[in-house]
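Taking the numbering used here, the leading residue of the sequence shown gets -4, the next gets one more, and so forth.
One or more hints might be untrue.
Stated by the list, open to error - Quick list of in silico lysine-lysine cross-link-like pairs, DSS-like style, CA-CA up to 30 Å:
#1 K240 - K221
#2 K240 - K77
#3 K31 - K240
It should be emphasised that the hints constitute simulated quantities derived from the structure, not laboratory data. It should be emphasised that the depicted structure is a prediction, and the values quoted were computed from it without experimental measurement.
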Amino acid sequence: MTPPSDEVTQESVIRTVAGLLPEDDQPEVVPISTGKFNTSFFISAGVEWVIRIAPPQNAVFIFYEPDVMLQETGIHRLLLEKISVPVAPIITYDDSLQHIDRDFIVMERLLGRPIPDVSCNYARVLEQVGDFLRQTHSQTADTYGYIGEHRPMEPQNRWVDAFHTMWNRLIDWDRALWGDPDIEFAVLDYCGISEPAFWNGYGTVRDTSTEVRVRQVFYLLYELQKYIIIRQGRGNDPTRARQYKQQVFDIFSNSGTR
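All chains, please: the whole structure from these sequences, using the hints.
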């Protein structure tokens, strides 16, 4: 087992994937700059893979994040079997800590480029995202909440009970969950993705009823409060953490929520 380290190097990545490749292959390892939770690299060695390495075990986590990689293999398999959303097949998941002092997952690389790096029809992209999300939301489960193998909470028979647990555990203290699709739409609104093209792709008319709007206030507050923890505890950025706190206060004040 390698000694604990807060830094993942290209050399440690090469050692980690060596047993998955033919003996003579010398992989090229390129860091992936996007993404903040895991440390990720492109692997090229007669194959095109991505390795994602979890944070160290002593990192600051939101309640559902420890061991969250455990659920990814099953989620990828489910989506690959049931729908046509582009999802990378998993090569391996390893939580033995024998190769590196963190959990890691290796998957096939889906070739593409970030939207800001290319000229494209943005409306068409949003339409495709809407279609992919509709397909994903078509999957159902018998219980609600974060019900993956990492078990950060007990599955609930009602969404209202699941969200109550999620809310309380968040305040007391990624990523897929089973529940109300509007929790996702609230974040898409915040990120500026809920454009008409997105809803064309999703294939439904946006529900703007009072009941939905009230739920979305709490869903957005849930998301923003996570970032208070992330910015303060993980990013050591108290200024950004205070900004998220202020957003939370402003939303409460402007919505009339009590």
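Going through the hints against the structure:
{"no.": "1", "hint": "K240 - K221", "verdict": "10 Å, holds"}
{"no.": "2", "hint": "K240 - K77", "verdict": "40 Å, violated"}
{"no.": "3", "hint": "K31 - K240", "verdict": "20 Å, holds"}
Violated hint: 2 only; the structure is consistent with all others.
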